[in-house]
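Please build the complex by placing chain B on the supplied structure of chain A, with the hints as guidance.
Letter by letter, the chains look like this.
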Amino acid sequence: MTTLILGIGNEWASDDGVGPEVVRRLQGRWQKEGREPDREVEFSILAQPDLSLLDRIAGYSDLIVVDAVVGGQPPGTIHRETWEPGMLVERGVQRASSHGFGVHELLEMAAVMGKLPPRVQLIGIEIASTEPGQGLSATVAQAVEGVMEELAEMVGAKGARAI
Amino acid sequence: MTHLNIKVPYMARVEGEGALDIVVEDGEIKHLELNIFEPPRFFEAFLQGRGYMEVPDITARICGICPVAYQMSSAHALEKILEIEITPEIRALRRLLYCAEWIESHVLHIYLLHAPDFLGYESAISMAANPDLLPAVQQALRMKKHGNELLAVIGGREVHPLSPTVGGFYRAPTKKELLALRDDFEWGLEASIASVAWAATLDFPDFAPDYEMVCLSHPDEYPMNEGRVVSSKGLDIPMEAFEDFFINNHVAHSNAVQVHREHGGSYHTGPLARVNLNLEKLSPLARKALDDSGIAFPTNNPFMSIVARAVEVVHAYEEALQIIDNYVRPVPSRITATPKAGVGCHVTEAPRGILYHRYQLNDKGLVERARIDAPTAQNLQRMEEDLRAFVPQVLELPHDEATLRCEQLVRNYDPCISCATHFMKLNIERK
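So the protein lines, in turn, are chains A and B.
Using the working numbering, the letters of the first sequence correspond one by one to residues 183 to 345.
Using the working numbering, the letters of the second sequence correspond one by one to residues 112 to 542.
Keep in mind that the hints were calculated from the coordinates and are not lab data.
A hint or two may mislead.
Stated by the list, open to error - Some but not every residue of chain A turned toward chain B, in silico, with C-beta under 10 angstroms:
1) ILE227
2) GLN230
3) ASP232
4) LEU233
5) SER234
6) LEU236
7) ASP237
8) PHE283
9) GLU287
10) GLU290
11) ALA293
12) MET295
13) GLY296
14) VAL326
Positions of the beta carbon are idealized from the N, C-alpha and C atoms, including for glycine.
Bound-form chain A, shown alone:
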């Protein structure tokens, strides 16, 4: 029973890096506080969705994907979903990476190849900008703490280890 919390995004494209920012800060906080795990949690960061994701997520009981979202809601809005096959395609989610595969294609691919963890949760954070450069815009940065708390509740974790 191991949960993988996966932050996806390019930290050199401002708000697109919100997923990695959440994961890095949560990991750092838990490590600093030295909490004992009552449930195993691992962290991972992927700058851009690619085929390496298939092997990265295989073998976990739970996967939580934290990613930037452009969905027409105000920046900082948090979306929460339990992933189901076809869900993102039906909603017309557009692939947002170059050369091939976005998150939804990769999750679908993992599903047909039997590599998808049994439970998959998606957390999307509405972003304001993907301008080149590091750092989150103010409204998105404000949402990070809330997402971290939510993740802590989801995994019931008092500790974690990095991979």
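Just chain B now, kept in the frame of chain A:
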């Protein structure tokens, strides 16, 4: 059907997108345009004022699938200016690096981008959902991973390698590091041979334009980093004469550069040209796989490029194993030089075809001018001409299928836009 309107709207995204627009009225093509963003335009400007040692690191960022090609063409061109002679050990390691890139790039295209066209699937995902085809997809992912792993061992990471540079490598791998991949590559060689046989079973439309095929040719080896620029119509020139015979220009309907021959004609570069013009240089098992496939090469059928790619994957595995077995770690791993003013150009064989770079350095070693002609820019005019020739063949097909065939035709070239598969999202209207 005498009227057809195929419209693929431009989608504003990163790294180049394609748009296809075809209008046929009364059986006559009234309008046909293929628009592609070609990122290297911007890179040529970025490079101005940069030190020569930065160039391969910058050009690598042009493409996430073929960064090695951009590093190799730039490094070789700059070495000519700086009068750097690389050692045989560095030369072998560069070929090994190119093998890695050909494997990961070709396998991705063969199985995940191109095969769904032939087999009638919307995507590799729906293809993989068929239990009969799942093993092929699993095999492809494993092979692609081999290419990426070899890239990481040599270059320091799987994408945009860090180690390759002007004069060689910042760090050359140990023999032990390379030998760790050997078993995987033995498996991959067998899998790649099976891939050729599988690709040969696909249905190929009857279509074979009178191409001028252009690629490198080397007296002793299958072309990657060195050779003369040759064509199926008798061209045979040194790389230094490239710009006398290949002209690049901007066309009004596209942000892309198009490259054509000096007489205005189009040409075809890529795996099909390489295999056609270098049959005798293929590795023994690659040649055998091709002969056993029953597909007669040379061929001008662009749909058979999938077979050419599969054959080159065999070659890449076989040569990679040979280089690994004979590997001697280069010492030093790179040859250094003092800055020097001058102009240098070079052509290497990217997965998608010949890639031309030219640089002008000042006496401080800073770039004053750069020119980069990407394979896709060179194939663009040919793709449009292919479409013009091919559209009459599909006019009688159902609309969706006609559109799919046109997309497949474009994908024959493995165009290095960010989304070869994106051509599948089409908005089509019949007149």
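These are the hints, each one checked on the structure:
no.	hint	in the structure
1	ILE227	violated (14 angstroms)
2	GLN230	holds (8 angstroms)
3	ASP232	holds (8 angstroms)
4	LEU233	holds (6 angstroms)
5	SER234	holds (7 angstroms)
6	LEU236	holds (7 angstroms)
7	ASP237	holds (8 angstroms)
8	PHE283	holds (8 angstroms)
9	GLU287	holds (6 angstroms)
10	GLU290	holds (5 angstroms)
11	ALA293	holds (9 angstroms)
12	MET295	holds (6 angstroms)
13	GLY296	holds (9 angstroms)
14	VAL326	violated (24 angstroms)
Going through the hint list in order, the structure does not satisfy hints 1, 14.
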